[in-house]
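Enquirer: Residue-level listing of the chains:
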Amino acid sequence: MTETLLEVRNLGVAFHDEDGVLRAVDGVSFGVARGEIVGLVGESGAGKTLTAEAIMRLIRCPPGRISGEILYRGRDLLALDEAELADIRGKDIAMIFQNPISSLNPVFRVGAQLLEAMLLHLPARRRTLRDRVREIFTRVGIPSAERRAQDYPHQFSGGMCQRAMIGMGIACTPSLLIADEPTTALDVTIQAQILALIRQLAAELGMAVLLVSHDLGIISQMCRRVLVMYAGKIVEEAPIATIFHAPAHPYTRGLMACIPHLEQVPERLGTIAGVMPGLRDLPSGCRFHPRCPIAEPRCAVTEPALRALDETHRVSCHLARKD
Amino acid sequence: MGFFILRRIGQTLVVLAIASIIVFTLMRLIPGDPIQIIMGSEYSKEAEAELRRQLGLDRPIVVQYLVWVGNVLRGEFGYSYLNHERVSVLLWQAFLPTMCLVIGTTIVGLLIALPSGIIAAVKKDTVWDYGSMGFAIMAYSMPSFWKGIILIWIFGVYLGWFPIMGYVHPWVNLSESLWKLTLPSLTLGTFFSGLVARITRSSLLEVLDQDYIKAARARGVRHTMLVAKHALRNALIPVVTVIGLQFGTLLGGAVLTETVFTIPGLGRLTVAAILNREYQIVQGAVLLGVVFVVGVNLLVDLAYGFLHPKIRVQ
Amino acid sequence: MEQARGVRTVDGDVLPAEAVGVVRHDAQTAEYARLWRRFCRNKGAVFGLAVFLAIVFMALFADLISPYNPLVQNYARPMEGPSTDHWLGTDSFGRDMLSRIIHGARIALVVGILAVLLAMVVGVTLGLISGYYGGLTDTIIMRVMDGLFAFPILILAIALMAVMGFGVRNVIIAVAIVSIAPFARVTRGDVLAVREEPYIEAARLAGISNRAIIWRHVLPNVLAPIIVQGALRVSAAIITESGLSFLGLGPPPPTPVWGSMIAEGRNFIVMAPHISTFPGIALMITVVGLNLFGDGLRDVLDPKLKS
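Chains as they are written, first to last, in numbering that gives the first Met the number 0: chain A, 0 to 322; chain B, 0 to 313; chain C, 0 to 306.
Just so you know, not all the hints are guaranteed correct.
What the hints assert, rightly or not - A few chain A residues that don't get close to chain B, going by computed Cβ distances all over 12 Å:
| hint | residue |
| --- | --- |
| 1 | GLY11 |
| 2 | GLU81 |
| 3 | ARG133 |
| 4 | GLY168 |
| 5 | LEU204 |
| 6 | ILE271 |
| 7 | ALA294 |
Claimed, not checked - Think about it this way: if two alpha-carbon atoms lie no more than 35 Å apart in a straight line, the pair counts; the simulated DSBU-like pairs of lysine-lysine are:
| hint | chain 1 | residue 1 | chain 2 | residue 2 |
| --- | --- | --- | --- | --- |
| 8 | A | LYS90 | B | LYS228 |
| 9 | B | LYS44 | A | LYS90 |
| 10 | B | LYS122 | A | LYS90 |
| 11 | B | LYS213 | A | LYS90 |
| 12 | B | LYS123 | C | LYS42 |
Said to hold, decoys possible - Pairwise CB distance ranges (calculated):
| hint | chain 1 | residue 1 | chain 2 | residue 2 | range |
| --- | --- | --- | --- | --- | --- |
| 13 | C | TYR74 | B | GLY133 | 41 to 49 Å |
| 14 | A | ASP214 | B | PHE3 | 39 to 47 Å |
| 15 | B | TRP127 | A | GLN149 | 57 to 65 Å |
| 16 | A | ASP280 | B | ILE153 | 55 to 63 Å |
| 17 | C | ILE139 | B | ARG51 | 42 to 50 Å |
| 18 | A | GLY19 | B | MET224 | 35 to 43 Å |
| 19 | B | ARG6 | A | GLN149 | 44 to 52 Å |
| 20 | A | THR127 | C | GLU30 | 39 to 47 Å |
| 21 | C | ALA49 | A | ASP16 | 20 to 28 Å |
Note that these hints are calculated values from the structure, not bench results. Note that CB positions come from ideal geometry on N, CA and C, so glycine has one too.
Whenever a hint applies, use it, and build me the whole structure from the sequences.
Expert: If you want it as structure tokens, here you go:
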């Protein structure tokens with residue numbers, strides 16, 4: 000029985016502005032087990048990044064407000080103060096971001112930034128850690144590590160920056176790595192390399208990964224279990240095979256129908272009619288019902304809860320059935 | 000980096016050249032025939048032609064300009080009949096007090112502006128923020144000459160803590176010099192700090208919003224270190240640039256402050272020279288002011304290049 | 000406007016207008032209303048606007064609202080502090096301070112606005128030409144602007160006045176000349192950005208003349224920061240003008256100008272501090288108000304600039 004590393008219960012992220020309250024993430028609950036690679040997939044604006052940042056409590060509050068519980072090894076992260084959080088960040092839970100170049104401080108050398116990350120959490124001596132910088136750079140695939148550590152971020156390519164970020168992420172051997180769209184800003188060829196790197200490191204270090212992406216292809220390569228988000232809520236949670244071959248939620252089905260197959264060339268690409276609603280115009284009841292092909296009157300009235308179809312598959316839809 | 004320095008210096012020289020042309024043109028546009036001013040009302044044609052030739056006024060305007068530039072580069076600014084002294088000597092004597100005022104102002108200004116801008120950014124939208132920025136707006140909105148008069152009234156006359164006028168070279172008598180420079184430096188310094196505080200705040204706020212700050216935070220860097228080390232280093236770079244840009248305004252304020260506090264600096268010299276129609280002094284003083292401003296801007300730009308790794312390293 | 004609700008696609012599906020981004024006509028007015036609301040939320044900016052309107056009011060109706068003639072001297076009651084007869088006291092010639100301050104607003108405003116308008120017309124034109132056409136024209140214009148910019152404002156103004164002579168008209172011209180460079184720079188910067196926009200290229204391909212493009216397409220899109228700069232430069236112009244008047248280079252006495260009033264009161268700072276203090280307060284409130292107003296405009300019109 001693999002232990003649950005992270006358990007998110009009823010997570011809500013709301014923003015208060017002059018015109019009212021915007022619930023960007025509403026009632027999100029899921030878990031990540033030790034060593035597991037879980038995917039969090041959804042369109043831009045669905046709330047994936049906010050969910051990820053909420054776990055690390057990187058969201059500025061105010062104007063944001065985080066509610067719910069985030070249990071890491073049993074401790075509620077939302078109840079900790081800044082000092083305790085700073086302890087956990089980087090050491091137990093690490094995060095890498097979408098734009099690797101802008102995630103590095105332009106006025107400090109890359110090696111120095113990695114060194115600092117380690118000095119914060121590891122009790123080793125400075126000299127030891129300097130050697131470790133070189134080791135880590137080599138491990139993540141940065142050539143000429145010694146020389147590169149002295150470079151500034153603007154001298155690194157996008158791919159190398161992301162490798163450096165990954166290096167900083169794993170430097171203190173965290174048990175959970177949150178990767179927010181780690182390859183979106185990179186070339187396709189580099190994408191594959193970075194993903195492979197993450198997969199390798201996760202296996203080597205027994206690290207769990209929460210991979211946030213809008214790209215179903217990446218999710219399918221990397222993740223064993225997938226969470227589908229829509230308009231701030233989780234609409235489906237299932238193992239990867241189920242999501243692709245037997246999705247239960249109409250939205251997930253729509254997504255799968257959009258993927259063109261190489262063998263049968265369709266006349267038109269599939270679409271899901273309409274657009275995801277903005278936070279200010281959330282529909283009543285089920286948030287997907289205006290675009291749903293099988294919506295019934297009750298879908299506009301009551302929000303469906305996330306219920307279990309079987310032990311690995313949960314859906315938030317009134318009409319979903321196991322087939 | 001070397002190329003950057005060369006390019007900057009080149010630009011500076013061009014700007015100086017254009018500014019010198021502007022100064023020269025302005026002075027030539029002043030109504031009144033200089034011959035008449037010197038010779039009075041009665042003079043013969045021969046004497047006039049002779050004087051004109053002596054002063055070089057018979058040559059084409061471009062040549063006159065070049066001659067003037069040549070003289071300036073050699074330190075020759077002309078002669079002041081009113082003061083019985085070479086203009087260059089007058090300029091040098093006036094330059095030093097202005098320099099001291101400027102240095103005092105910069106120190107006071109930065110001592111006030113940097114902490115207040117940083118606090119305002121870190122404690123955004125709180126009392127600290129509004130208070131700091133409110134003070135900053137008041138500080139640079141208050142005309143410096145008026146502020147000087149008020150400070151004289153309160154601290155000089157009413158409380159009697161500081162002298163209200165005059166100037167002493169620091170190497171002649173350090174304590175008296177500092178004492179006499181206090182009120183003027185406060186006057187101009189608060190004005191300067193108003194400008195710098197606002198830019199410090201906005202720059203720091205912008206930096207704090209950046210991805211790399213978020214990433215550093217995600218690695219466990221604590222708040223104080225985040226601001227002091229990661230953010231400040233980036234935020235101060237544009238501040239340095241703005242300080243250079245505002246230097247011209249500062250010098251303008253110096254003119255007024257010197258008048259109020261009776262400091263025998265470049266500002267007072269210029270104003271007196273205008274009122275006395277001593278245009279050679281005005282020419283020299285304005286040019287010196289321009290060189291000063293352009294020089295400081297050049298230094299600031301070079302400092303920017305040095306501070307920003309993108310420019311420093313290839 | 001019901002037809003605008005649905006947009007027909009090639010195959011005959013009807014998509015809701017919002018999905019395709021069709022902007023309805025009254026959305027524009029709603030946009031202006033929203034900007035106004037945002038502006039009003041900034042208390043400082045509203046204060047600034049109020050100050051500006053008050054100054055304009057004082058300038059327009061100075062003769063009507065002044066209790067006394069600002070030029071009339073009264074040797075019987077010089078240098079009196081505030082009293083029921085003279086709310087702000089009298090100056091060394093016995094003239095009523097309140098009336099003089101009210102009239103001073105007129106000069107300050109006239110000089111400020113005229114100088115800035117003049118500078119705006121010249122500076123924005125130069126900036127448009129420089130930014131749009133680029134090349135040698137751009138380089139030359141910008142180098143000259145740099146040359147102008149290198150002069151400390153007050154010193155350049157003083158030098159100009161040495162050439163032109165003193166007095167109101169020349170103050171306006173001098174202040175205008177020193178204010179040109181900021182407008183040119185700001186305009187040029189934005190024009191450089193707008194120039195690359197697709198709709199400019201589309202207009203060019205459609206055969207519209209360069210001049211028309213600049214006037215109809217570029218200018219409206221760079222207007223926002225120019226307006227902000229305008230508001231801020233008016234306050235700078237007023238400060239510069241009062242500085243020049245303080246030095247004695249402005250309108251000659253007995254014209255009531257805040258700068259020269261402060262200078263006059265300087266000699267009496269001990270016995271009658273109000274002579275310098277009140278005009279200074281008026282000047283400060285005006286400048287603070289205009290600065291807050293300009294900042295408020297900037298926050299509303301140019302959200303990219305965080306302040």
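Enquirer: State for each hint whether it applies.
Expert: Hints versus structure:
no. : hint                             : in the structure
1   : GLY11                            : holds (21 Å)
2   : GLU81                            : violated (6 Å)
3   : ARG133                           : holds (19 Å)
4   : GLY168                           : violated (8 Å)
5   : LEU204                           : holds (17 Å)
6   : ILE271                           : holds (31 Å)
7   : ALA294                           : holds (39 Å)
8   : A:LYS90 to B:LYS228              : holds (20 Å)
9   : B:LYS44 to A:LYS90               : violated (94 Å)
10  : B:LYS122 to A:LYS90              : holds (28 Å)
11  : B:LYS213 to A:LYS90              : holds (16 Å)
12  : B:LYS123 to C:LYS42              : holds (16 Å)
13  : C:TYR74 to B:GLY133: 41 to 49 Å  : holds (42 Å)
14  : A:ASP214 to B:PHE3: 39 to 47 Å   : holds (41 Å)
15  : B:TRP127 to A:GLN149: 57 to 65 Å : violated (39 Å)
16  : A:ASP280 to B:ILE153: 55 to 63 Å : holds (59 Å)
17  : C:ILE139 to B:ARG51: 42 to 50 Å  : violated (34 Å)
18  : A:GLY19 to B:MET224: 35 to 43 Å  : holds (36 Å)
19  : B:ARG6 to A:GLN149: 44 to 52 Å   : violated (26 Å)
20  : A:THR127 to C:GLU30: 39 to 47 Å  : violated (60 Å)
21  : C:ALA49 to A:ASP16: 20 to 28 Å   : holds (26 Å)
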